[in-house]
Amino acid sequence: MQAASLHWARPYLAAFRARFQLMLQYRAAALAGFATQCWWGAIRILVFAAFYGVNAAAAPISLADAVTYVWLGQALLALQPWVADPEIGQAVRTGGVGYDRLRPLDAYGYWYARTLGWMLARALPRAALMLLAAGIVLPLVGLGDWALRPPSGVMAALLFVPAFVLMTALGAAVLMLANIVVAASLNERGVNAVLTPLVIVFSGSLLPLDFYPDALRPFLHVQPFAGLVDIPFRIYFANLKGGAALQGLALQAAWTLVLIGLGRLAMERMMRRLEMQGG
Amino acid sequence: MNALALYGRYVATSLRAQAQYPAATLMLTAGHFAATAIEILGVFALFDRFGPVGGWSFGEAAVFYALVNIMFSIADLLSRGFEAFGTDFVRTGAFDRVLLRPRAAALQLAGYEVRLSRLGRLLQASVVLILASSLVPITWDAAAVATAVWAVAGGVALFAGILVLQATLAFWTIDSLEIMNVLTYGGVQAAQYPLNVYAAWFRRVLTFGLPLACVAYYPVLAILKRPDPLGAPDWFLPLAPIAGFAFLALSFVAWRAGMARYASTGS
Chain F
996 MQAASLHWAR PYLAAFRARF QLMLQYRAAA LAGFATQCWW GAIRILVFAA
1046 FYGVNAAAAP ISLADAVTYV WLGQALLALQ PWVADPEIGQ AVRTGGVGYD
1096 RLRPLDAYGY WYARTLGWML ARALPRAALM LLAAGIVLPL VGLGDWALRP
1146 PSGVMAALLF VPAFVLMTAL GAAVLMLANI VVAASLNERG VNAVLTPLVI
1196 VFSGSLLPLD FYPDALRPFL HVQPFAGLVD IPFRIYFANL KGGAALQGLA
1246 LQAAWTLVLI GLGRLAMERM MRRLEMQGG
Chain L
2 MNALALYGRY VATSLRAQAQ YPAATLMLTA GHFAATAIEI LGVFALFDRF
52 GPVGGWSFGE AAVFYALVNI MFSIADLLSR GFEAFGTDFV RTGAFDRVLL
102 RPRAAALQLA GYEVRLSRLG RLLQASVVLI LASSLVPITW DAAAVATAVW
152 AVAGGVALFA GILVLQATLA FWTIDSLEIM NVLTYGGVQA AQYPLNVYAA
202 WFRRVLTFGL PLACVAYYPV LAILKRPDPL GAPDWFLPLA PIAGFAFLAL
252 SFVAWRAGMA RYASTGS
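As given, the protein sequences belong to chains F and L, one line each in that order. If you want this note's numbering, it's the 1-based position in the first sequence plus 995. If you want this note's numbering, it's the 1-based position in the second sequence plus 1.
Simulated from the structure, these hints should not be mistaken for laboratory data.
Sample of chain L residues at the chain F side, in silico, Cβ under 10 Å:
id : residue
1  : Ala35
2  : Val44
3  : Phe48
4  : Arg50
5  : Gly55
6  : Val183
7  : Leu184
8  : Ala200
Covered stretches of chain L (in silico footprint by chain F; criterion: 3 or more residues with CB under 8 Å from a CB of chain F, positions within the stretch not fixed):
id : segment
9  : 22 to 34
10 : 187 to 199
Given the structure is predicted, the values throughout are model-derived calculations rather than measurements. We put the beta carbon where it would ideally sit given N, CA and C, even for glycine.
Construct the entire structure; sequences and hints are all you get.
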């Protein structure tokens, strides 16, 4: 019975798994990326430490939480929707997208599953390495003050699970919109040029959103990109807890649904107009 | 044709190629402008919230930021061939063809693909420099301008040296390694704040290991006419950028060693 009810999901799972396993092959890239991210995180933390040293009272979160925020951000960097899925652009330029149109599948769901596999396969090995380095090695060598801390309490850990799932789902939904624009315009450079800075600033990758001028808070806390970094990480160290945490989760979920809805509409229109390139 | 004229020819060819797609080139430049300009937003937000740090206001910190970004953007413009060396030349075997030509390999690589889009970073850094000049009283007299130009030259040499090292590594690894981004982009990231805000061990890395402080921090002190809070003597400040040229010279020693052991990938 269960097998039958899951039957519809099998092709999407297969698409996800194939992409995930392919991306896991690039071990050297993952290692190089990991080293880069360690250095990056270290510089960020040194800068934070300098500013906290002069005026810690002005900071919206403690230095320990800021350090955790930086390491979590570096660990999950590849989950951020900075650039459109490169394979989509390729498929559209070579005409490979024609095969996708022939599959008896929901086109949006199929691309979404593949994009999700691409994101997670790049992110998870690096995240595991980063947790090991920043969460276990740093405290062991006596740099506990600069380490990634575990979630602040059982409740925070439990709430972080749905927050993580939603940040991934939201990231894939943002990428899908980018993918669709790529498919319509045949070129990913323009989209990425717009998308990357937007995501870095408004997700909270550059700085936790509360570090920006206070007057911007009402806007920063409701825009869709907040659910990519700022909300889940603040849930992790219990800066958002109880009702506020649930509100954060609701915002993530709402924006995910809205962006998926928009993506489906845009995809339908785009596919109707799509012209096959090459053969 | 002498080396300089040949280099000019390379650059002209590359520019003409990009001029074929003016809209794309403009958009890429604008994109690069936006992508690199967000960093100054972060710097601004931190100063806005915390106030001055290490004795520096936002305007003064912006001078460090602007000069480092100007240096890197020019180096990036001139050394694309070295950055892409592993992927585009060693792995594909295209370097064999470069070696067959009766001209220095380094010259040919320097002339490979001068990407106009990289002017985006140069542009935003220049805007920040103008902004900073209006925020803090900098007297742009002849000495200050000369120091700035000299510092930028040293900085370009330093970043070019890093890219040459990255290319040199490819003789052993056959591919360009992303890990060198730690030194290039990571270096820009680190040097865009004044050195004395960092912990002592990191200051040493940035002075003696990768001499970014010598091309950015010390000369900017001289431009702002401020004594070094860390105690370096005043006469040293404008001299420091020479370290960038020393770094480039050492990089070319390594490059020679790499060239000597180059074996074609045979494809």
